[in-house]
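Visitor: Produce the complete structure using the sequences and hints provided.
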Amino acid sequence: MLSWLENQAVFSAVLSLLLIGGIMTSVAYCIYFERKISAWIQDRQGPNRVGFLGLFGNFHFWGLGQPLADGAKFLLKEDIIPSRVDKPLFILAPAISMVIALIGFVVIPWGGFYMLGDTLLSVQVANPDVGLLYVLGVGSMGVYGVVLGGWASNNKYSMYGAVRATAQMLSYEIPMGIAILIVVLACGELRLEEIVAGQVGGNGLWNIVLHPVAFLILLITLFAETNRAPFDLAEAEQELVGGFHTEYSAMKFAMFFLGEYVHMITGSAFICVLFLGGWELSFFGIGPAFPGTGIEDTGLISVLIKIGVLSVKVAFFIFLFMLVRWTLPRFRFDQLMRLAWKGLIPISLGLLILTVLGVYMGWQRSVIYNLGGEIAIVAATLGVVVLANKPVSGRQENMPALGQPLGG
Amino acid sequence: MISDADIILIKEPKLSAADKLYLTQIAEGVKVTLNHLFFKPKITVEYPEEKRQLRVDNYRGVHRLNRDPDDRVACVACFMCETACPAHCIHIVADESPWDDREKYPEQFDIDELRCIYCGMCEEACPVDAIELTTEYDMVGHSRDEMIFDKEKLLSVYDQTKDVKPRKNPKISGYEGTGDRAKYDQLRQRLEEIVEKSSPDEANGGTSEGNKL
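Chains as they are written, first to last, in the numbering used here: chain A, 7 to 414; chain B, -9 to 203.
Treat the hints as calculated values from the structure; they're not laboratory data.
Below are the SDA-like pairs computed for lysine to any residue, each with C-alpha atoms no more than 25 angstroms apart in a straight line:
{"hint": "1", "chain 1": "B", "residue 1": "Lys41", "chain 2": "A", "residue 2": "Trp68"}
{"hint": "2", "chain 1": "B", "residue 1": "Lys30", "chain 2": "A", "residue 2": "Ala235"}
{"hint": "3", "chain 1": "B", "residue 1": "Lys21", "chain 2": "A", "residue 2": "Pro335"}
{"hint": "4", "chain 1": "A", "residue 1": "Lys83", "chain 2": "A", "residue 2": "Tyr35"}
{"hint": "5", "chain 1": "B", "residue 1": "Lys21", "chain 2": "A", "residue 2": "Phe325"}
{"hint": "6", "chain 1": "B", "residue 1": "Lys30", "chain 2": "A", "residue 2": "Leu329"}
{"hint": "7", "chain 1": "B", "residue 1": "Lys41", "chain 2": "B", "residue 2": "Cys109"}
{"hint": "8", "chain 1": "B", "residue 1": "Lys21", "chain 2": "A", "residue 2": "Ile214"}
{"hint": "9", "chain 1": "B", "residue 1": "Lys41", "chain 2": "A", "residue 2": "Arg50"}
{"hint": "10", "chain 1": "B", "residue 1": "Lys141", "chain 2": "B", "residue 2": "Asp153"}
{"hint": "11", "chain 1": "B", "residue 1": "Lys32", "chain 2": "A", "residue 2": "Ile324"}
{"hint": "12", "chain 1": "B", "residue 1": "Lys143", "chain 2": "B", "residue 2": "Val66"}
{"hint": "13", "chain 1": "B", "residue 1": "Lys32", "chain 2": "A", "residue 2": "Asn54"}
{"hint": "14", "chain 1": "A", "residue 1": "Lys83", "chain 2": "A", "residue 2": "Glu40"}
{"hint": "15", "chain 1": "A", "residue 1": "Lys348", "chain 2": "B", "residue 2": "Gln15"}
{"hint": "16", "chain 1": "B", "residue 1": "Lys32", "chain 2": "A", "residue 2": "Ser44"}
{"hint": "17", "chain 1": "B", "residue 1": "Lys41", "chain 2": "A", "residue 2": "Trp46"}
{"hint": "18", "chain 1": "B", "residue 1": "Lys32", "chain 2": "A", "residue 2": "Val330"}
{"hint": "19", "chain 1": "B", "residue 1": "Lys41", "chain 2": "A", "residue 2": "Arg55"}
{"hint": "20", "chain 1": "A", "residue 1": "Lys348", "chain 2": "B", "residue 2": "Leu13"}
{"hint": "21", "chain 1": "B", "residue 1": "Lys21", "chain 2": "A", "residue 2": "Arg336"}
{"hint": "22", "chain 1": "B", "residue 1": "Lys4", "chain 2": "A", "residue 2": "Met343"}
{"hint": "23", "chain 1": "B", "residue 1": "Lys30", "chain 2": "A", "residue 2": "Ala45"}
{"hint": "24", "chain 1": "B", "residue 1": "Lys21", "chain 2": "A", "residue 2": "Val384"}
{"hint": "25", "chain 1": "A", "residue 1": "Lys348", "chain 2": "B", "residue 2": "Leu5"}
{"hint": "26", "chain 1": "B", "residue 1": "Lys30", "chain 2": "A", "residue 2": "Phe39"}
{"hint": "27", "chain 1": "B", "residue 1": "Lys21", "chain 2": "A", "residue 2": "Val330"}
{"hint": "28", "chain 1": "B", "residue 1": "Lys30", "chain 2": "A", "residue 2": "Ile324"}
{"hint": "29", "chain 1": "B", "residue 1": "Lys152", "chain 2": "B", "residue 2": "Tyr37"}
{"hint": "30", "chain 1": "B", "residue 1": "Lys21", "chain 2": "A", "residue 2": "Gln48"}
{"hint": "31", "chain 1": "B", "residue 1": "Lys41", "chain 2": "B", "residue 2": "His132"}
{"hint": "32", "chain 1": "B", "residue 1": "Lys32", "chain 2": "A", "residue 2": "Arg55"}
All of these numbers come straight from a predicted model, not from anything done at the bench.
Guide: Printed below as a string of structure tokens:
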């Protein structure tokens, strides 16, 4: 019956359709939960009125119909294209932003392998040899949508937003690349599926245990990469009206907005695969693999369990993204640059040297070597920071000291 | 001019070594937000289902036209409220009363709730306490016409709210006849002093502020 599916190409096509459907739905609900969580943090109720067409009387399902209403609103609103914009680019920009966020998904290994009939199918849309490099390349292209949108809008605030996004992306690509390089070096693999397999219980520890600082750096750069608070300078309302999407309305604006959330999901899935064992469930790789989540389990149920495990991990990161957004104030631009160039890049370079040395000596799986080395590097950084008496993220030490009467 | 002695210098808080890495401070902040997320009560009220407790019990909301013990309209159509109304939102048509105990009764009694400024003057003016302001504040209508409340509507407001006797306006201190007598006398005395002091100016022909008071 399902014999037509027993072909990796067909299976991938079907899987990609399912993924797009699933991801677009979860993005809609991400926006709902973002609003809910922000409301709860601010002691409000959040959206709780829109049910499902009032089919269930006065019961509104805690406003779960809100994403549908939002979508309808975005589609039906007037789509304004200002007369002086660069029209082709103006229209293209949100599409680029959305598409680039979406194609990052293809290399995420969602659930190991699936045995259908006699064929072993990879639950992954594509498994190129350069899996990780693909993610990196696609991820950094995300800024194209922002830059083109800002440029095409013919508006100085949009342009400022775009320029900020570019500068930020350039700075944070470096520590991000190095953090990923550390994983690549330690695992000796570029295929994401293999990186996950290396972390399955019994095979090895999760990378977060071996490289916690690299994980932290990747997490921070991911916040920057997705343009989320506290790195959302590209759309700082107080300074730039709406930033790069000032001139956008209706569905074009929504596409930027959805693209940001898709990017968040991709990034979270990516960090889970690299550092948290992907679909693997053995608690940091210490215990044995959870029943049904081993590499050799290829039944439908175990594939579904694996997808569920990865989804839960991704959901945790998305929650973290939201929590941080509603906790931290935005960086000032010089603080942003200082954090990248004076904080993250030196630390990640130190970690890279540590890992290279570890690989050379054959210690790359040693917890003591990795942890000890990372602690030493962080301590050294902290020492430098304290000696220089300057915080990593920067404060106003260049301002005139308080208490000095200004102008005599 | 602010003298140097009055300037309070606030020093920037000293950061510990860990604080300078920014991470401990993020953890601090996340602790606060998590606390609000899970444990703090919500302040917002779910309005139509749940109403906020009014902070004052003499809130001046929609009017009601009281009924007397025989269930008739208590109004005697004396036009005091219509005369007192600064917004001219009350319109009464009087007719001869069908009852023996009064001469007139309102044949028609309309209040334009959109014009009304809810000052409570009508309530103060009414000699028979027939018109009162309730504490109900949520009235809605689909048109302006709908917001002109007629006699039946105003009586139905009474039927809905008759269990609550609206509290009269609080006594205004210093206002003769109400409030704190001692305080009023004190105020009056101070006013007279001001008037006495400013009387030479008054002699010059100007009406002094104190005299006016």
